[in-house]
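Q: Can you make the complete structure from the sequences, with help from the hints?
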Amino acid sequence: MDNQDSLLSFYVCPSEGSSFEISETGLKGQRQSYQFLRAVDGDIPDFRAADNFSDGGLASLEMYDFDGARAVYRNFLSWMFRTFSVDEDAFRLDLVSRLNLKPNSRVLITGCGIGDDVFAVQKCLGPEGTIFASDLAPEMVMSTHDSMANQPGEGLCQISLSVANACNLPFNDEFFDAAFHFGGINLFDDVKGAIAEMARVTKNGGRIVFGDEGVAPWLRDTDYGRMVIANNYLWAHEAPLGLLPFSAINPSVSWVLGNCFYVVQFDKSAEGPHINPDIPHVGRRGGTMRTRHLGQLEGVDLKLKDEVVKSAAEQGISVTEWLEKAIGNTLNSKL
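Just so you know, we're using the UniProt record's numbering here: the sequence shown kicks off at 1 and counts up by one.
FYI, nobody ran anything at the bench for these hints, they're computed from the structure.
Derived lysine-lysine pairs resembling BS3-like cross-links, with alpha carbons at most 30 Å apart: (1) K203 to K102; (2) K303 to K325; (3) K325 to K310; (4) K303 to K334; (5) K28 to K203; (6) K123 to K203; (7) K305 to K325; (8) K334 to K305; (9) K192 to K203; (10) K123 to K102; (11) K102 to K192; (12) K310 to K334.
With beta-carbon atoms standing in for the labels, derived distance ranges: (13) S333 to Q296: 19 to 25 Å; (14) K203 to L243: 17 to 23 Å; (15) P273 to V300: 30 to 36 Å; (16) E174 to K310: 51 to 57 Å; (17) D278 to S78: 53 to 59 Å; (18) N276 to G299: 24 to 30 Å; (19) E174 to W218: 33 to 39 Å; (20) V282 to S333: 27 to 33 Å; (21) G295 to S33: 50 to 56 Å; (22) F10 to G272: 24 to 30 Å; (23) D278 to R220: 38 to 44 Å; (24) W218 to N329: 56 to 62 Å.
All residues carry an ideal CB built from backbone N, CA and C; glycine is no exception.
A: The following block contains the structure:
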């Protein structure tokens, strides 16, 4: 098995989660098979066969999947970085540095575009590292593939490309050390699902970083904010913090490129944020977070409530302790 076949063996069916048999023309699953792109000299699987795209996905394909899309996209990027007076290479390396990569890290990149982020990540990895990069638009993936031909082969990490829907990734759970996306999530058909997918395929303790257009909140009602949104309606989006999964811990959000793009990052913890809900409260009410949430009973007469509160105070215990004691005594007397 050569290196390319070795990387292909890590893909799983996005609809079934089953492994593939590698053939000359594609990947054959138990029920679903996926062909390699025919337009390039290389084994690049196209996982879109089972996808039905909504407005966002169709808009992405319209913007990025046509003859000449590479030049149009590069022209936009050049304009953008000149507009904000930012060095593009330094900018991408700064974003990638947030992933906390190691030389042997295995990294997912969704929405790889023409490959700029792929090569930025590659600079942070050693030959033992691996990148799996994908885009919904075949034209973007082919552009990345063509650019890879100009990269020196020795001393660099391995890269596997695919055409895939970021909302339905062809990888097993906890496969990657880190996941990265920048510049397209606003148009995804299922933003929440895409973030959840990045978290699903990232190992416990791994880092997820994603970002896209979105003017900072304090600028929206300024002339500056109205100007940039008038230039590109996508810049009116907001950072989707409310769509982060339960497994997101240590989250942070910042704004870059003139505060017109948000960058969200978080670490993955399968257990979610740490909390001990069984620490007793000291005071009149007593109880714990858990008992206050799950241990509530029905309401009682207001006069009886006042008498319970008074009795608990006279005994020097919390209302919760008084109730537990009284109810426990009543139940025990029936045994």
